[in-house]
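Trainee: Read off the chains here:
There are 2 protein chains.
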Amino acid sequence: MIKMAVLGFGNIGSGLVQLVTENADIIEKDLGCKLDIKYIVDLRDFKGHPLENKMVKDFNIVLSDPEVSIVAEMIGGSHPAFEYSLAALKAGKCVVTSNKEVVANFGEVLLQTAKENKTAYLFEAAVGGAIPIIRPMRESLSSDVISEINGILNGTTNFILTKMISEGMSFDDALQLSRDLGYAEANPSADVDGIDSCRKIAILSALAYKTVFPCDKISTQGIRQISKRDAEDAAEISCAIKLIAHTKKMDDGKILINVAPRFTELDSPLFAVNDVFNGILVSAKASGDIMFYGRGAGKIPTAGAVLADIAEIAKHMSCGQIPPVLWKRDDGEGLYDSKLEITRFYCRVKGDKIPENASIVSRKDGQSSFVTPVMDEYQLNEMLKNFEIVSEIRFMK
Amino acid sequence: MIKMAVLGFGNIGSGLVQLVTENADIIEKDLGCKLDIKYIVDLRDFKGHPLENKMVKDFNIVLSDPEVSIVAEMIGGSHPAFEYSLAALKAGKCVVTSNKEVVANFGEVLLQTAKENKTAYLFEAAVGGAIPIIRPMRESLSSDVISEINGILNGTTNFILTKMISEGMSFDDALQLSRDLGYAEANPSADVDGIDSCRKIAILSALAYKTVFPCDKISTQGIRQISKRDAEDAAEISCAIKLIAHTKKMDDGKILINVAPRFTELDSPLFAVNDVFNGILVSAKASGDIMFYGRGAGKIPTAGAVLADIAEIAKHMSCGQIPPVLWKRDDGEGLYDSKLEITRFYCRVKGDKIPENASIVSRKDGQSSFVTPVMDEYQLNEMLKNFEIVSEIRFMK
Numbered sequence: 015m016i017k018m019a020v021l022g023f024g025n026i027g028s029g030l031v032q033l034v035t036e037n038a039d040i041i042e043k044d045l046g047c048k049l050d051i052k053y054i055v056d057l058r059d060f061k062g063h064p065l066e067n068k069m070v071k072d073f074n075i076v077l078s079d080p081e082v083s084i085v086a087e088m089i090g091g092s093h094p095a096f097e098y099s100l101a102a103l104k105a106g107k108c109v110v111t112s113n114k115e116v117v118a119n120f121g122e123v124l125l126q127t128a129k130e131n132k133t134a135y136l137f138e139a140a141v142g143g144a145i146p147i148i149r150p151m152r153e154s155l156s157s158d159v160i161s162e163i164n165g166i167l168n169g170t171t172n173f174i175l176t177k178m179i180s181e182g183m184s185f186d187d188a189l190q191l192s193r194d195l196g197y198a199e200a201n202p203s204a205d206v207d208g209i210d211s212c213r214k215i216a217i218l219s220a221l222a223y224k225t226v227f228p229c230d231k232i233s234t235q236g237i238r239q240i241s242k243r244d245a246e247d248a249a250e251i252s253c254a255i256k257l258i259a260h261t262k263k264m265d266d267g268k269i270l271i272n273v274a275p276r277f278t279e280l281d282s283p284l285f286a287v288n289d290v291f292n293g294i295l296v297s298a299k300a301s302g303d304i305m306f307y308g309r310g311a312g313k314i315p316t317a318g319a320v321l322a323d324i325a326e327i328a329k330h331m332s333c334g335q336i337p338p339v340l341w342k343r344d345d346g347e348g349l350y351d352s353k354l355e356i357t358r359f360y361c362r363v364k365g366d367k368i369p370e371n372a373s374i375v376s377r378k379d380g381q382s383s384f385v386t387p388v389m390d391e392y393q394l395n396e397m398l399k400n401f402e403i404v405s406e407i408r409f410m411k
Numbered sequence: 015m016i017k018m019a020v021l022g023f024g025n026i027g028s029g030l031v032q033l034v035t036e037n038a039d040i041i042e043k044d045l046g047c048k049l050d051i052k053y054i055v056d057l058r059d060f061k062g063h064p065l066e067n068k069m070v071k072d073f074n075i076v077l078s079d080p081e082v083s084i085v086a087e088m089i090g091g092s093h094p095a096f097e098y099s100l101a102a103l104k105a106g107k108c109v110v111t112s113n114k115e116v117v118a119n120f121g122e123v124l125l126q127t128a129k130e131n132k133t134a135y136l137f138e139a140a141v142g143g144a145i146p147i148i149r150p151m152r153e154s155l156s157s158d159v160i161s162e163i164n165g166i167l168n169g170t171t172n173f174i175l176t177k178m179i180s181e182g183m184s185f186d187d188a189l190q191l192s193r194d195l196g197y198a199e200a201n202p203s204a205d206v207d208g209i210d211s212c213r214k215i216a217i218l219s220a221l222a223y224k225t226v227f228p229c230d231k232i233s234t235q236g237i238r239q240i241s242k243r244d245a246e247d248a249a250e251i252s253c254a255i256k257l258i259a260h261t262k263k264m265d266d267g268k269i270l271i272n273v274a275p276r277f278t279e280l281d282s283p284l285f286a287v288n289d290v291f292n293g294i295l296v297s298a299k300a301s302g303d304i305m306f307y308g309r310g311a312g313k314i315p316t317a318g319a320v321l322a323d324i325a326e327i328a329k330h331m332s333c334g335q336i337p338p339v340l341w342k343r344d345d346g347e348g349l350y351d352s353k354l355e356i357t358r359f360y361c362r363v364k365g366d367k368i369p370e371n372a373s374i375v376s377r378k379d380g381q382s383s384f385v386t387p388v389m390d391e392y393q394l395n396e397m398l399k400n401f402e403i404v405s406e407i408r409f410m411k
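Heads up: the sequence lines are chains A and B, in that order.
Taking our numbering, I'd label the letters of the first sequence as residues 15 to 411.
Taking our numbering, I'd label the letters of the second sequence as residues 15 to 411.
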């Protein structure tokens, strides 16, 4: 029997407990032994809860119990999630997590600690919810050369943008609907301002290029400024607008990473990724374009990804260690200037005039919209210096 | 340094040699050591070839060389690929393959032998070319309950069907074009008659349900009978026609597996999988719908998948064994009668009449086409007993 502890009995934590209980037979068959949740660590009281006998408030009970070999950190936020994870790894326990904030901010420390203690730090659930993406990145694509990654990594924003394009809803109405359906938090900033997507692309980029960058140095733009007119114009030229998290290794060795809404054309596999689904398009030298698609959030799908990590650890207990993954931290010097990215732009300006070389999209309500040729943002600013800009949205390429 | 042998210097075999050479630096970084191809086994002469010094004709040289720890079987066909693989595993060597025929026909023997000899038999490249699907199935989804899999697993047929739908080409013209582009073999039967897709779904089904069935017991239909009129009618109701390989665990515990062209609706993630791309949609209890998309064939993409298996083996050499995967063989008793599958059907009959309850699609050239309500094939036959049937194509559901 393998004994584990769940830290944090919130949304994902309770989903994991539910899944381990419901899938007990499948899990036992898969692992070759039973998986037992010995402790649930949470500061809150759960008087009368059927699992009350497993509830503890003091993490040290877990830490000092040699029977516990796996710790599932589902606390969220950086602290004390980081400290607890570090302590567990140093105590020789394996740690699995869905906490993208900790992985993006402290992954390099935790991975190194896991390696030194011959244990494992796994985080499949931190990116793409139910979608297997971390494991394929670290195993299937590790000997390939990844040229770039483009991902729809946030389900809430994708839901909002889908409603704006396909049903003509305003941003505010679509946001409210996503709240009503339980997708958006009361404070939706991490989603709609791109912060959540930024953490996730920082992690994917670290896996691809073995270097992690601070999230506050990564150019990040959300979707608050997307208007109905933008959405109408996109539909007019058979595009969708998607919040794309992007990372690419440039010729000079620097890494371009940004999060921005982008006009996405019909021929992109990401075009048809709608509603709360996520899609991650990995472009690699040998493998070509590979897309991973599925539910990017949700209690049970995300818990399923955590369970996959637990299963991998359990299976390796009898036959050896999981090959370690490591990356280093760069304070931002290795980042490529995002404004130098060469792409086309959708722009809308006041008045009837548009720049030469641009293709008109629509001209109404005193505003003209158009698509520029490929250029960087400095060139765009130069081109538009005599225009009154209302909107500016990148293309995928 | 890790030394390996490549069996078969054909399309994939030479692609693997090329990739190992070109990616040598990346591979060394990823594995922590060099990967060396010590032997290339092929019965043909390669006089004057730059790699002539590695070429041998006798597989026993590989078998008896204790330095060789990995054998990449790229021979194709069942024999002697099976015997060579078995001998290599018994000699304690790891075997990787792209050979779907051997995996579908002898996988259970080779996997059991690998387990007994504490070695590994990996076959990522056997299904979906460059797409990581075997590894996610055996690792990420192993503790989840897979309800069904629907896959576009053959690039050539998908290319032909895409051309028929989007450009109105006939089957024969589209097949010729796919030959001209190097996708279809001179004898395209394995592709267009669904045999290739059948082997692949047999493997995916074995991973999902731990049981493999003989390919000749699996209901398999190809795309030769798809006509321009079928394609026009599909487009008329916003459907694509896709050759879908399908497996599903039914309520009675039996497994439904079949390969058939199907009307695929706009809301399916498989709808937009076009040209030579493959898409594999896995539906699981916790994870929901997950789709894997990418290049299903091609020398270098497929070699990339083989290289991923080699990398996994190499990384485990220093830290333990790869957790084994096993499945058992069933001679067909556990197969669900494919004709009992409940679905809608597209049908075309001679004359102007269509059955009650059916929805008309088109009525021209003396033929009427329609979509039936959901029913099984026996019910369909009963419904159409007084009609002269020209075409009958399943829906996805």
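Accuracy of the hints is not assured; some may be wrong.
Identical copies go unnamed one by one, so any copy, or any two together, can satisfy a pair.
[Stated by the list, open to error] Derived BS3-like pairs (lysine-lysine); straight-line CA-CA distance at most 30 Å: (1) K262 <-> K61; (2) K231 <-> K43; (3) K364 <-> K129; (4) K364 <-> K313; (5) K61 <-> K263; (6) K43 <-> K224; (7) K242 <-> K68; (8) K399 <-> K313; (9) K242 <-> K299; (10) K132 <-> K43; (11) K313 <-> K353; (12) K224 <-> K17; (13) K129 <-> K17; (14) K17 <-> K132; (15) K48 <-> K268; (16) K224 <-> K61; (17) K299 <-> K43; (18) K378 <-> K17.
Honestly, the hints are just simulated from the structure, not real lab data.
Quick caveat: nothing in here was measured; it's all calculated off a predicted structure.
Trainee: Which of the listed hints are broken here?
Mentor: Structure breaks hints 1, 3, 4, 5, 7, 8, 9, 11, 16, 18.
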